[in-house]
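Enquirer: In order, the protein sequences belong to chains H and R.
Be aware that the first sequence starts at 1, since it is given in this note's numbering, and climbs by one per residue.
Be aware that the second sequence starts at 1, since it is given in this note's numbering, and climbs by one per residue.
It is worth saying that the hints were derived from the structure and are not from the lab.
One should not assume that every hint holds.
[Stated by the list, open to error] Distance condition first, Cα-Cα at most 30 Å in a straight line; then the derived DSS-like pairs of lysine-lysine: (1) Lys-64(R) x Lys-6(H); (2) Lys-8(H) x Lys-263(H); (3) Lys-78(R) x Lys-10(H).
[As the list claims (entries may be wrong)] Now the in silico label distances, taken between C-beta atoms and shown as ranges: (4) Ala-133(R) x Gln-16(H): 27 to 33 Å; (5) Ala-211(R) x Ala-105(H): 30 to 36 Å; (6) Gly-392(R) x Gly-43(H): 56 to 62 Å; (7) Gly-14(H) x Ala-133(R): 29 to 35 Å; (8) Lys-263(H) x Ile-285(R): 55 to 61 Å; (9) Glu-168(R) x Val-57(H): 54 to 60 Å; (10) Asp-270(H) x Ile-285(R): 43 to 49 Å; (11) Ser-333(R) x Asp-270(H): 43 to 49 Å.
[Said to hold, decoys possible] Residues of chain R clear of chain H, computed beta-carbon distances all greater than 12 Å: (12) Ala-133; (13) Phe-137; (14) Phe-185; (15) Ile-229; (16) Val-230; (17) Lys-240; (18) Asn-258; (19) Lys-261; (20) Asn-297; (21) Lys-328; (22) Ser-370; (23) Tyr-375; (24) Glu-401; (25) Val-405.
Each residue gets a CB set at the ideal place from its N, CA and C atoms; glycine is no exception.
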Amino acid sequence: MEFLIKPKGKFNIGLQELVEYKELFYFFTWRDIKVKYKQTAFGFLWAVLQPLFMTLVFSFFLGSSIKQQSDLLMPYPIFALSGMLLWIAFSNGLSNASNSMVNNANIIKKIYFPRLIIPISAILVALFDFFISLFVFFIFCWIYKTSLKWEAILFMPLSVLMVSFAAIGGGTFLAAINIKYRDVRYAIPFFLQGLLFVTPVLYPVNFAKNEAIQLLLKLNPISGPLEILRASFSNQVINIETVLLSALTSGVLFITGVVYFRKTESYFADLA
Amino acid sequence: MKPILEIQNIGKKFKIQHEHLPYLSLRDSLKQVFKKSRSTEDFWALQDVSFDVMPGDSIGIIGKNGAGKSTLLKILSKITPPTKGQIIGRGRIASLLEVGTGFHPELSGRENIFMNGSILGMKRFEIAKNFDAIVDFSGVERFLDEPLKHYSSGMQLRLAFAVAAFLENEILIIDEVLAVGDAEFQKKCMGKMDDVSKSGRTILFVSHDLAAIRSLTRKAALLNNGNCIVFDDTEEVIKKYSENLINKTSGIFSTSGNITKIHSAKIISLNIENRNKTKKQIELIIGIDIETNGQENTSFELILKDSKKQRIGLVSSYQFHQKKLPSKKGLYSTTIEIEPLNLASGEYFIDITTSIINQCWDHYIEDALSFNVSYSNPLGYSWDFKQDYNYGTMALLLKSEPKFVLNDK
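Please construct the entire structure, taking both the sequences and the accompanying hints into account.
Expert: Right, dumping it as structure tokens:
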């Protein structure tokens, strides 16, 4: 096996190397899940409690008024919970990934492996929580007598995939910046809090009457996946425009993030 | 046969920023846009380092602190890219810049073996295959399912080394990981390393421990200020290194004590070859500048240490000579001459300190001076009495040659 170590080489994504090190994805994800729930009394329940609590609060205070002012084709709690689940997968994934390089600085400085594994594993941890909390969602569906349509088999994975792309894009970008500017660590929580309100998680796109805000909502990388996810258990028609615009943002985000990360990663060990 | 590693003109540049904080922040960076000149300085940690490593070689890399050893290892392990030059490698490379990389205190010993092994580049089946042997080597089988945070530091270390010992890569890069642990464990590690190098794999080994370098490696590279000065047989390189050791024969100190301050010190003469040619004793003359604010009952001391920084001797102006520092404020110079010593060859360090008599040190300067004894045999015979042999640091001479009286009853 021949290898070459040079000053900065030509840019490539390094897919082959990622495949070679595929077991590390598993180990990093596994480690973070293990560590996250070790010495907790509730264990995996924590993954469920966060979206559940938010859903209950919003259903109780805002549910009826939102339902009145828009044309929801499903019970509000189902609408809000599905939104929260996907949103939490995204926001946890993004913030885990952004901090992942700094948190693993001691490893980065001592050993080489494709660096992309770290932020991507951080996102896989968030996805794991998402799948756990999906059970609660199914219980909600049963309570509100909402049944999944057969398209769900296709729609659910697709929406998760789109969210993952968006989270990987944003996460790798912020992780790379975070290594250099620790400001990112502090900016992320309130950035995400703000973003939640311009994402159709707790209210539908057409709830906003202003055109500009509607466009902003459609450009949001989470809107498309939400649209698809919600179509898998309601008669809501997928707004193709929303999905495409949102996918476009995701795509740009993904490419920018991963390319920027790859371009700067060789100096992480010097900066971390 | 092609070399397994070709290191060609490797250079690594760092930018040193003066008057700057270690962490960048966005604000600083914005400020920089408006502020033209920020004094940055280029610093070459490595420059034009080249050598070839043949398969099966074990190579030592030696040099003083800051010579560039760790930077070279980091480049070889792909952790940081070189600024210049290139390295061609032919084989799977594994680097052990630290033992237990990726160990997590919350995970159990068993889990950490898998995590650590995987980070080191082992495949899962390889770890599983060697699992029992790893556990056996580490000697922690009873605690395998306990979280690592409950392990003693010695146990953590043994576990970490055990994982690393079963790496099957063709090229191993090892950075002073053996400098830790008790003597017995170090011996075990050295034995394992010896096996590894005999098994035909290639090892690059950085250490300050010349004895370890000598016993493990056949060839060595000597780095100094980022340059590779020699690349040759280990014995030759070590000899060069000992000769070239640029000792701290003088020092100016910026710190200060509460009531006194040692300004500077220097070795005025280190007379190894005595006037009487056959006797090779060490006569040490040291000049020291001390400032005192005039407080009474102060004294100064020198502590002589061997290459392992073990304290081996004391000079005390008060306790041995009843001589205190002057009780009048001022800066004083003194020259002291230590009686001839029969020191073993090797490196020595001197701590210089002032003290309040029978109470405490005042201004303590660690490793203020250092010197090297290149060869030792007090009467000038050929056997070199070395510190490394572990027979102590003093040659004890007899008053006269031993006489053997026949006592046959």
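Enquirer: Look at each hint and say if it fits the structure.
Expert: Okay, the hints, checked on the actual structure:
In summary, the hint linking Lys-64(R) to Lys-6(H) is supported, as the alpha carbons are separated by about 26 Å, within the 30 Å threshold. Taking the CA atoms of Lys-8(H) and Lys-263(H), the gap is about 9 Å. The hint holds against a cut of 30 Å. Between Lys-78(R) and Lys-10(H) the CA atoms are separated by roughly 16 Å; this keeps the pair inside 30 Å, and the hint holds. Checked against the hint of 27 to 33 Å, the C-beta distance between Ala-133(R) and Gln-16(H) comes to roughly 31 Å, which is consistent with it.
A hinted range of 30 to 36 Å for the beta carbons of Ala-211(R) and Ala-105(H) is consistent with their spacing of about 34 Å. A hinted range of 56 to 62 Å for the beta carbons of Gly-392(R) and Gly-43(H) is consistent with their spacing of about 59 Å. For Gly-14(H) and Ala-133(R), the hinted distance range of 29 to 35 Å is satisfied, since their beta carbons lie about 33 Å from each other. Our hint of 55 to 61 Å for Lys-263(H) and Ile-285(R) holds, since their Cβ atoms are close to 59 Å apart.
In this structure the hint that Glu-168(R) and Val-57(H) lie 54 to 60 Å apart at CB holds, the actual value being about 55 Å. A beta carbon spacing of about 45 Å between Asp-270(H) and Ile-285(R) agrees with the range 43 to 49 Å that was offered as a hint. Remark: the range hint 43 to 49 Å for Ser-333(R) to Asp-270(H) is upheld by a beta-carbon distance near 45 Å. Taking the minimum C-beta to C-beta distance to chain H, about 20 Å, the non-interface status of Ala-133(R) holds against the 12 Å cut.
At roughly 21 Å, the least C-beta separation between Phe-137(R) and chain H is larger than 12 Å, which holds for a residue marked as non-interface. The claim that Phe-185(R) is not at the interface with chain H holds, since no C-beta of that chain comes within 12 Å of its own (minimum 21 Å). Every CB of chain H is more than 12 Å from the CB of Ile-229(R) (nearest about 22 Å), matching its label as outside the interface. No Cβ of chain H approaches the Cβ of Val-230(R) within 12 Å, the least distance being about 23 Å, so the stated non-interface status holds.
The beta carbon of Lys-240(R) sits about 27 Å from the closest Cβ of chain H, which is more than 12 Å, so the claim that it is off the interface holds. No beta-carbon of chain H comes within 12 Å of the beta-carbon of Asn-258(R); the shortest separation is about 37 Å. Non-interface call for Lys-261(R) relative to chain H: holds, since the shortest CB-CB distance, roughly 37 Å, exceeds 12 Å. For Asn-297(R), the non-interface assignment is confirmed: its Cβ lies about 48 Å from the closest Cβ of chain H, beyond the 12 Å cut-off.
For Lys-328(R), the shortest C-beta to C-beta distance to chain H comes to about 53 Å, beyond the 12 Å cut-off, and the non-interface label holds. Every Cβ of chain H is farther than 12 Å from the Cβ of Ser-370(R); the closest lies at roughly 30 Å, confirming the non-interface assignment. Once the 12 Å rule is applied to beta carbons, Tyr-375(R) is consistent with being away from chain H; the minimum gap is 39 Å. With a least beta-carbon separation of about 57 Å from chain H, Glu-401(R) lies farther than 12 Å from that chain, consistent with its non-interface assignment.
Every C-beta of chain H lies more than 12 Å from that of Val-405(R), the closest at about 64 Å, which supports listing it as non-interface.
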